[in-house]
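Okay, here's what each chain looks like letter by letter:
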Amino acid sequence: MTRHHPESMSLMEYSAGNLSEPHALCIRLHLNECSLCRSRADTLDSLGAVMMEQQPKVSVSESMFDRILAKIDSSPTPQPAAKPAPRISILQKLLGEDINNLPWKRQLGDVSVLDITEKFPGQNEQVVLQKLVSGGKAPAHTHRGTETTIVLQGAFADQNGVFNQWDFVVLTDQDEHKPVAVGCEDCITLSVLSAPVKLTGTFTRMLNPFIR
Amino acid sequence: MSTLDQKPTRGEGRKDPWSQLLVKVGKSQDRQAYHSLFEHFAPQLKYYAMANGMASHAEELVQEVFVSIWRRACLYDWQKAAASTWIFTIARNQRIDMLRKMRRTSAEMQVETEDLWQIPGEDDNEPVTSLHRLMSERRVRESLKHLPEEQITVIAKVYMEQKSHQMVADELNIPLGTVKSRVRLALNKLKVILQDQKA
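Protein sequences, first through last, are from chains D and L.
Its first residue numbered 1, the first sequence is counted upward by one per residue in my numbering.
Its first residue numbered 1, the second sequence is counted upward by one per residue in my numbering.
In case anyone wonders, no lab produced these hints; they're calculated from the structure.
With a straight-line cut-off of 35 Å between C-alpha atoms, the simulated DSBU-like cross-links for lysine-lysine are:
#1 D:71 x L:101
#2 L:189 x D:57
#3 L:180 x L:191
#4 D:119 x D:105
#5 D:178 x D:119
#6 D:105 x L:101
#7 L:191 x D:57
#8 L:145 x L:180
#9 L:101 x L:180
#10 D:119 x L:180
#11 L:145 x L:189
#12 D:137 x D:119
#13 D:178 x L:180
#14 D:71 x L:24
#15 D:119 x D:71
#16 D:93 x D:105
#17 L:24 x L:145
#18 D:57 x L:15
#19 L:27 x L:15
#20 D:93 x L:27
#21 D:71 x L:15
#22 L:101 x L:27
#23 D:71 x L:27
#24 D:105 x D:178
#25 L:24 x D:57
#26 D:57 x L:27
#27 D:119 x L:101
#28 L:145 x D:57
#29 L:191 x L:15
#30 D:178 x L:191
#31 L:15 x L:145
#32 D:93 x D:71
#33 L:191 x L:24
#34 D:57 x D:71
#35 L:101 x D:57
#36 D:57 x L:180
#37 D:93 x L:101
#38 L:145 x L:191
#39 D:93 x D:137
#40 L:27 x L:145
Since this is a predicted model, take the numbers as computed values, not measurements.
Next comes chain D alone, as it looks inside the complex:
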């Protein structure tokens, strides 16, 4: 059971369909595992429906319904019992690999990263997977913009608490943290960065881990 959930504002932006693909991915991965937030999202989807209903209406062209019928008649009628084929996990689809077998790039000490920004062409944000080996520490850092993170495996702890699998955390330039991987698995996170991370230690700043 996850303990750290997306903020309502973000869920509303998700429900309205206004989030970028990487941000939507973070929310969706959380929703898949969190029934509490699924019911929040359901409420927000209903809010969208009621909003749409309360707006003005615009009449459609008269021939449209016939065009739609022509279109549905040109392809087979759906089977009433049809169910969608079981889906492989989104991450698997996106990465084509188990997250533990990815071509991780070792950065500083306990930290490895993999930049997957190119999987989301046409977006402005940087998207990175980060791995902290079990028991490992990441250097203290702040964030120049906003970093949205979801824990995909294992857990990490910082001064704000313990973040377990599927927990959701948003850090801004006000937050400095020094995460430590807890538990016996490597901690793997997916982060969407609206601006690159800024290190706070002078030594580590030169080494530039996390910074692209």
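Starting from the known structure of chain D, fit chain L onto it as the hints suggest.
Below, chain L alone, put in the same frame as chain D:
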């Protein structure tokens, strides 16, 4: 302007008329039911497309949404979402999908729109939480009746015009903090906000 008053409202644990019609389309490809849904929802959907800047593709969006409704109606489960909610999510996804396809080739799209944005009740293995979901739609309607207009205006811009909070603030010429607090008050009323969260 609003059809809320003449609209059927959802009874306790019972299908509203639109959901009944949608079930008929799914079970028996009932074209009369399908046409009634079209008459009711198509003008809403066209406004939705126009409000968020897709004026030149508005009819295309309506048409694609209705083809999709026909094809997916067999998957619709009234216990998991009211018809209006289900149709809203299909329209939202169709809009996102059309915008994605305009921006790039399909070969570049490794993740489909529906991997990211789900249609309620599909691909959903959890035990039926229908009562909760039905309550949720009823509660939204009920709560909205009591929300001040200024809160509804802000939320409508987010849902209908795809505006960020900052854009809404600029347009209404009010501080960002005011926009956020209006949204927060509304979401609090809808019980979307968790107790230990800011918003």
